[in-house]
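Colleague: Chains as they are written, first to last, in the UniProt record's numbering: chain A, 1 to 97; chain B, 1 to 1000.
Each statement offered as a hint is correct.
Here are the in silico distance ranges between beta carbons for each label pair:
1) Lys94/A with Asp215/B: 43 to 51 Å
2) Tyr19/A with Pro899/B: 26 to 34 Å
3) Gly10/A with His201/B: 37 to 45 Å
4) Lys25/A with Glu234/B: 45 to 53 Å
Hints listed in this document are in silico derivations from the structure and should not be mistaken for laboratory results.
The beta-carbon is built from N, C-alpha and C at its ideal position, and this holds for glycine as well.
Each chain is listed here by its residues.
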Amino acid sequence: MLLIPCPYCGERAENEFSYGGEAHKPRPEVPEEISDATWADYVFLQKNTKGTYYERWIHSHGCRRWFNLVRDTLTHEIHGAYRMGEAPPKVDEKTYV
Amino acid sequence: MAQRYRLDKGGRIDRDRPVDFTFNGRAYQGYAGDTLGSALLANGVHLVGRSFKYHRPRGIFSAGAEEANALVQVGEGAATLADLKATQVELYEGLSARSVNCYPSLDFDIGEVNSLASKLFPAGFYYKTFMWPQAGWPMYERFIRKAAGLGEAPLEPDPDFYDKRYAHADVLVAGAGPAGLAAALAAARSGARVILADEQHELGGSLLSGRDEVDGKPGSDWAAEAERELRANENVRILPRSVVFGYYDHNWIDILENLSDHLANKPADAPRQRMWKVRANQVVLATGAIERPLVFRDNDRPGIMLASAARSYVNRWAVRPGESAVLFTNNDGAYAAALDMKAAGIKIAAAVDLRAEAEGELTQAARDAGIEVLAGHGIAATEGHKRVRRVKVAPLSADGRSLAGEARTLNCDLVAMSGGWNPTVHLHSQSRGKLRFDAELATFVPDRAVQAERSAGACNGTFGLADVLGEGFAAGEAAAEAAGFSVEKAPRPQAGNGKFLPARWLWLTPSSKPVGHGGKHFVDFQNDVTAADLQLALREGYTSVEHVKRYTTTGMGTDQGKTSNVNALGVVSEFRGVPIEELGVTTFRPPYTPVTFGAWGGRDVGDLFDPIRRTPMHSWHARAGAEFENVGMWKRPWYYPKAGEGMHEAVQRESKAARESLGILDATTLGRIDIQGPDSAEFLNRVYTNGWKTLKPGAIRYGLMLGEDGMVMDDGVTACLGENHYLMHTTSGGAAEVLAHLEEYLQTEWPELQVYLTTVTEQYATAAIAGPNARKLLAELTDDIDVDPDAFPFMSWREGTVAGVWARVMRISFSGDLSFEINVEAHNGLHLWQTLMNAGEKYNITPYGTETMHVLRAEKGFIIVGQETDGTVTPVDLGMEKLCSTKKDFIGKRSLSRPDMQDPNRKQFVGLLPDDPNEVLEEGAQLVETVKSQPPMDMVGHVTSSYMSPNLGRGFALALVKGGLHKHGQKVYAPMPGKTIACTVTSPVFFDPEGERLRA
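Taking the hints into account, I'd like the entire structure generated from these sequences.
Modeller: Right, here's the structure in full:
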């Protein structure tokens, strides 16, 4: 079980959190103006990175706050957590084959 | 004679506490401190089970967790436990155990014909044999399960209960042998919080079985001193009878602690087991090593056991596992067993040593003690059906692949074998640590650690007690330092440092015939896999070790290859001519040893598995005899049967009363979210399909909430309570999901909006009164709310006093009739309900449950999210396009213009009237337009809701039908077993389509 550093509460066990998928994927400002394909990409598709991944979590059984996490999806190493709207930490990004 | 094979003195047993037990119905006696295995051996019982596939007689072959033969069923009835290892079961008064996998009895087992017919049961037998016809599989499976099954699972619910506990540790030490004790001492002395867990009831590990000295005293005394020091340290938690079975991400460790299985008189309030979930800053693995068997012809007979096990039985349990023993070894270390057995009065017929040059400290000591050492020899065959009686011993060729001389026969009733040692690397491997093949030890040892863990002692490939202790202290110190504690290096204890080397690695001992042509060379005892099976798999092209494992089942099952993995690799390596290090090793997976389902469940069973929510009026409903329905976690009254009524009668009566006079529904369970802040209206505008900026205080509006995919996710009414203040209602089951959805958008997409959400579901109790007399009843119970239709119109709310308490009354309707939903503070809910019931008596006020609520709303064509919708239904599909604003964006709007959403042939919301008015369609029934004599038929939709309506005087249904919005008046058919029900597609609104009644 992962040990997740909530930026508001500190390190807590994974089962206090819920997963929110890929981060830094803002909702299009004016959805009417983008193509069907771009919209479908936003709604249905997420990166499936094997390596460094920027993802959203919510401390659902704690402070109920959303935040972002940088995690290695292969090793589960956590490179840092940061609040919504903050810039991600500098990370030596990796991908594996 | 009782305990005939018990030595006169010695052993870690309490001779003042005899313990009576039964095995296969026969009474025996052992002592406190025994395992079932040691007690059976003390009574001369070697034959304890039958093998998995061939039903061969099997005996106790180890003294610990690696036992692959002596699997027993313990206890009777609901509390029975299957497939326990006799070598791990602590003996207690009254213990009753029996063999598994034998029929009709252990002594005479019909399944043994499998062994005679073993040519018919090669590797991959099931795959090859049960191929055809496919329909036969259920029958084949029954046969296979019965023939190859192990123990029996109880059929009754588990009468025991289990605990779960969370803990944190600076340093967790797995294993309390010499290395583990040393590590725990070192870490504890630094002030670190230490958890020390060991699977046995007594700490000390190998020190309890050997005769090694530490600092000039018996090793077991050193262990006892270490335990005393640790127990005196309040930062140390010692968990005996606790197996560390799982190592997961970020140093998350699972431990299974046995609390009462070993007690004869279990206190009724004692949990059976406790699962510990530990987050450790640092971990020290000190899990020891498991001795390898040797692979030779018929190496599975009862009386053939690991040399270290024979030594443990002699030293730790004061048991003679035989009268006359043959040692069969490939290494020097095993001679310790021969020496200890000889000292205990067991005759050593000979030491058969695979090494051409049998040298080493202990080998020499054995020679000095008068033990005959047959160097360069192997056991070519064994005899004895239910107990080994003699072995044939022959010299080997220089390469060890064939016999090089006449065989000689040795009489014996015990063969103590040693093929070297496998470090118990399971936890290191589970933690994703890499393994490295150590050619000197011919086994896998831990390589780089990936998590904050370190291995110490035999599990790290370190043999030699002084080195093991030194490594234990060093690991404990390093772990404590890494956890932030300052460490003073302790002096290392003095001890001998003999290793089990030198050794000769010969994976398959030859016999007079080629492998597979006489006798069986077992590699995996639990799964009955032989060297011939492995070679067959290789010949058939399964060269990868992962394929060999799955095809032959070696290393699988509850045993997980504890004794077989490396031997299997050795056999494969020799056959293919590829070094073991190039073959790789199969993955070790948790749990290390089996874990009961009860322990996984802990206290989360029965009513505690899922919380139950009850409304403040629940006690009234229960007294009124209501049947309840689960809605989310809520218990909601389903219907209120009167004497002699079934569900149908009750619902018909309730439905009629609610239309003709007055019904009352407990609507407390609706989700409620309080919304405040200057941007609340803008927020509602974005999350609902319709517009919200014109809603004035006092008014209420219905909203439809979509996911970003355009599918309906929730609906409900929202009241404007004041400027920038709203109260949103969600479906009873959807409240948590909706709140999470709203919070997600507020926090992640629109942090600039000033909106604050609070769940207030439990703050209110709600009674909905519905029917033509609802207004009259409300008027009687309030002085300060003007109930006149002009003063209090449909879709508005008023605040005042009802039944003497504060109330917020909402004029909304889910039944389609004049209806008021009276909200009071939750603690006044029961008072309100009782007052309404008393005052409503003259109107024949009739409480109705969710079923009648469903009938009434379906008559009106009101959807229920989750019943008419299933995550694939859009507002357009529901004919609610008018609720989707064209003047603003909202969540899901863009998806509604995707091309596939525009398809006119999507499933759309309709009503259905069966041609036969007495017919009630089954919910979920598939609909077709063209009926064929048999499936397949083209399905055009399905029934989502279906009821008998007393108000319509017929059965009716709601459905989703392809292109249904334009098919009103057409026929569809529901093909059911034995009949086909013809229906007409209609509008989904069956009752009061103009809405005059609800606006009355």
